[in-house]
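*Asks:* If you're matching them up, the sequences are chains A and B in order.
Per numbering that gives the first Met the number 0, the very first residue in the first sequence carries number 0; after that it's consecutive.
Per numbering that gives the first Met the number 0, the very first residue in the second sequence carries number 0; after that it's consecutive.
FYI, nobody ran anything at the bench for these hints, they're computed from the structure.
Be aware that a few hints might be false.
[Unchecked claim] Only some residues are given here: those of chain A computed to face chain B with a beta carbon under 8 angstroms: (1) Ala-14; (2) Val-16; (3) Leu-18; (4) Phe-21; (5) Phe-30; (6) Glu-31; (7) Arg-34; (8) Ser-35; (9) Arg-39.
[What the hints assert, rightly or not] Just some of the chain A residues that point at chain B, by a computed CB distance under 10 angstroms: (10) Ile-3; (11) Ile-7; (12) Ser-10; (13) Thr-11; (14) Ala-24; (15) Gly-28; (16) Asp-32; (17) Ala-37; (18) Val-38.
Beta carbons are placed, not taken as given, at the ideal position from N, Cα and C, and that holds for glycine.
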Amino acid sequence: MNVIFLLIAASTVVALVFLGAFFWAVRTGQFEDDRSPAVRILGESTKPKADHEQPKAK
Amino acid sequence: MPKATEQEVRCYHCGDPCRTDHVVADGKDFCCVGCKAVYGLLQESGLCDYYTIADTPGVKQGPSEEEVRPELLDLKEVRDRLVEFSEDGITRVRFFVPQVHCSSCIWLLENLGRIHPAVLRSRMRFANKELTVTFREDALSLRGLVELMRRIGYAPQLQGASQKGRITGASRSFYLKLGISAFAFGNIMLFSFPEYLGVDGQDALLRRGFQWLGLLFALPVIFYAATDFFRSAWAGIRQRHINIDVPIALGIMALFSRSVIDVVFQVGPGYFDSLAGLVFFLLVGRWYQAHVYEALSFDRTLEDLLPIVVLKRDERGECPVRVADLVPGDVIVVRDHELVPVDAELLEGDAHIDNSFITGEPLPLHRTRGAAIPAGGRQRGGAITLRVRKPFSESHVKRMWEEQGALRDERPAMPRMIDAVAQRFTWGVLLVALAAGLFWWGRDSEQVWPVITAVLIVACPCALALSMPFAFGHAMRLLGRKGLFLRDVEVVERMAGIDTVVFDKTGTLTDRDAFAVEFDGGSITATEERMVRALAGHSAHPLSAAVYQRSRGKDLPVRDVQEVPGAGIEGEVMGVPVRLGSASFVGANSPLHHADGQAEVYVRIAERVLGRFLVARPARSAMAGTVGAIASGHHVHLLTGDRSVDREVSVAFAPDEIHMEQSPTMKATFIERLRTRGRHVMMVGDGLNDAGAMRHSEVGIAVSGSTTALTPACDGILEARALDRLPWAMRLSRRAHRIVIASLVISLVYNTVGILFAVSGELTPLVAAILMPLSSVTVVAFVSLAVWVGSQGVMRTPHDDRQVRL
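The shape of chain A in the complex, shown without the other chains (with noise of 0.2 angstroms):
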């Protein structure tokens, strides 16, 4: 019967888990605006794939 308390234990930590990936979701900005993200796989096709992300150091 010991064995649920481990199965307890186990789905505890999964759902932490998950609780841990929203706050990260949210910290990030997620949440924020969710139009521009959507509309930017669009243009990425088209887009010449260099110098797009941030600067090389000096």
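Following the hints, put chain B in place on chain A, whose structure we already have.
*Replies:* Here is chain B on its own, set in the frame of chain A:
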């Protein structure tokens, strides 16, 4: 697609009909040179995908009234307000770009780097229309960047930029609270299932384990997620005022303490699942109620409306200085379309001051040397030089603004229906709990504590608290889709109770930017008309522009153009001398009568005076219908600063409803008087001159040509093209109000059922776990459905297939 395409040629860039300045390039039609220029620029940069993501996404180029002079961006003061980060020549800056409205806008602005290689990265945040740009400042100055954006039609709004609503920690922590309560709700419910399903007590340890886990998971809910309710309830109690959060906080505390005692003393499993569920549902309600239109600003201060810097001239030349630093005697330069920021005296140049912003006066006033120019007027025409008379802090506009009680806090809090209900409800619940306690005291004193807490738990007005945000929030979203943007859900409630509507005339019922030009005199031939148009095209004066817009056709060449400030313009068209201007300038005899608020432009071709053009501001097309529809159920009034009113406007009102020659302060007192007579007043206005009146009214609606224009502090912004929706909006708000009342009845029925369980001592955790979410869900479902159904009836109008952006 809009229906109009069958008839009219529409601009490939902005979608406006191509009329006077129709330009064809590259096999595509453009309504003006500006639109074509943007197209050319985008094509050069290979960015024509812009046109495929959304139809006619462009923003029409026009003389923007909010532009800050580009050279001011070199000023450290201005730069510091915008720049977030700058190191090694790489700068990150954040702009508010109000023109952004569709997917194409986002796409184009995020691809700025393809127009100018110095832009390394640009990111749009659509929700509040903010663009963050990282760029190499050694290759492109901040000023260059702003000019680039201006060229493609997305001039960032720089005034008041630093106070623009930013996503703050507050909204993030709200999402965290919502997430935690959802997490706790789900998990505690799982832990409770064995209990509810009647797993027999063979493994006491397991049951105890689940109960303690429930307690553990409920801790963050009560100590973090629910804190807003406690705070609000406490604030209410301290002001001796019971708001809706008081019974909620009471219920939450009863739930928690009862559950903890149950678990610790092994009486029962506790109500932790109900607790977490309750907090979760309440937070969902709060989320729905939260401010929706983040990009719109409802709380403008005067400083937001006036420029922050101005060009000052001294012996060393011209340099930008902060308006607040100006002292009397300073000499400043104000150019076309710029606001005069302080009270000043005209030194040089020809001032055509458009005071519509302050007084509502429709047409620009001509001022000559030595005249006093009050702050807030907008110059139209060439640059003028002024001497500062008073510092900004003592300016006329600032005083006017303050006299009207412009400080936001001075506005009295409006009573909310829900709080009145909550007050009676709380006392009722406390009485029932007391009575039930006394009843059990005599029979079985062990039951007193459980019964009292059970009453408090089950009476927690969750459904009651949810009905208002959902009904009004839903109505508010529907209104927003039709062009009326409200500050928050409480405005919908106040709108439902309105019985008197006061309109401002200029800029509200009449169009601020359009002119109605009418020829008065003998006949004018088509050729003559073209000659007049050609000459008018050479002047920047607003009246010339109005005359120019009146007719269409190719421009004829004009020679020897001469503009006489304050009088008119002359030139030679096709070898014939033409003069346009005042009566004395063209040599017309005695000035003819003309109505107030109308301007006249006389015409002379060769030696003959043909007649004159009368220029006025026309009423908005929807005006008569709107006023008529509202007048059928409300008292209406018209306030205007003018001395007379055009027929068009006056027929919509009864004579005793028209109040003329009203100064801004008089407008505010007028509203005040109506309110002391017990009327519930809505003020529909536009500019700064109505700000006081709007503030004194219960609902202040600003009519605006676009949601991006600067509007004063108000409760709602109504797009000018949606003026005809106002009667519908008011009807919808009344329906929403009735729906809230119906939902209150439903939730009271649930509460009564729950209390019956509670006083009989039968409220088991299982009953609570079913009853509480059930009541919330049914009320929310009922309310959302009812508002939607209700809106179908009231919102259908003949223009409904008009495409709505945003």
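*Asks:* All hints are to be evaluated individually against the structure, with a verdict given for each.
*Replies:* Hints, one by one, checked against the model:
{"no.": "1", "hint": "Ala-14", "in the structure": "holds (6 angstroms)"}
{"no.": "2", "hint": "Val-16", "in the structure": "violated (11 angstroms)"}
{"no.": "3", "hint": "Leu-18", "in the structure": "holds (5 angstroms)"}
{"no.": "4", "hint": "Phe-21", "in the structure": "holds (5 angstroms)"}
{"no.": "5", "hint": "Phe-30", "in the structure": "holds (5 angstroms)"}
{"no.": "6", "hint": "Glu-31", "in the structure": "holds (5 angstroms)"}
{"no.": "7", "hint": "Arg-34", "in the structure": "holds (4 angstroms)"}
{"no.": "8", "hint": "Ser-35", "in the structure": "holds (5 angstroms)"}
{"no.": "9", "hint": "Arg-39", "in the structure": "holds (6 angstroms)"}
{"no.": "10", "hint": "Ile-3", "in the structure": "holds (7 angstroms)"}
{"no.": "11", "hint": "Ile-7", "in the structure": "holds (7 angstroms)"}
{"no.": "12", "hint": "Ser-10", "in the structure": "holds (8 angstroms)"}
{"no.": "13", "hint": "Thr-11", "in the structure": "holds (7 angstroms)"}
{"no.": "14", "hint": "Ala-24", "in the structure": "holds (9 angstroms)"}
{"no.": "15", "hint": "Gly-28", "in the structure": "holds (7 angstroms)"}
{"no.": "16", "hint": "Asp-32", "in the structure": "holds (5 angstroms)"}
{"no.": "17", "hint": "Ala-37", "in the structure": "holds (8 angstroms)"}
{"no.": "18", "hint": "Val-38", "in the structure": "holds (4 angstroms)"}
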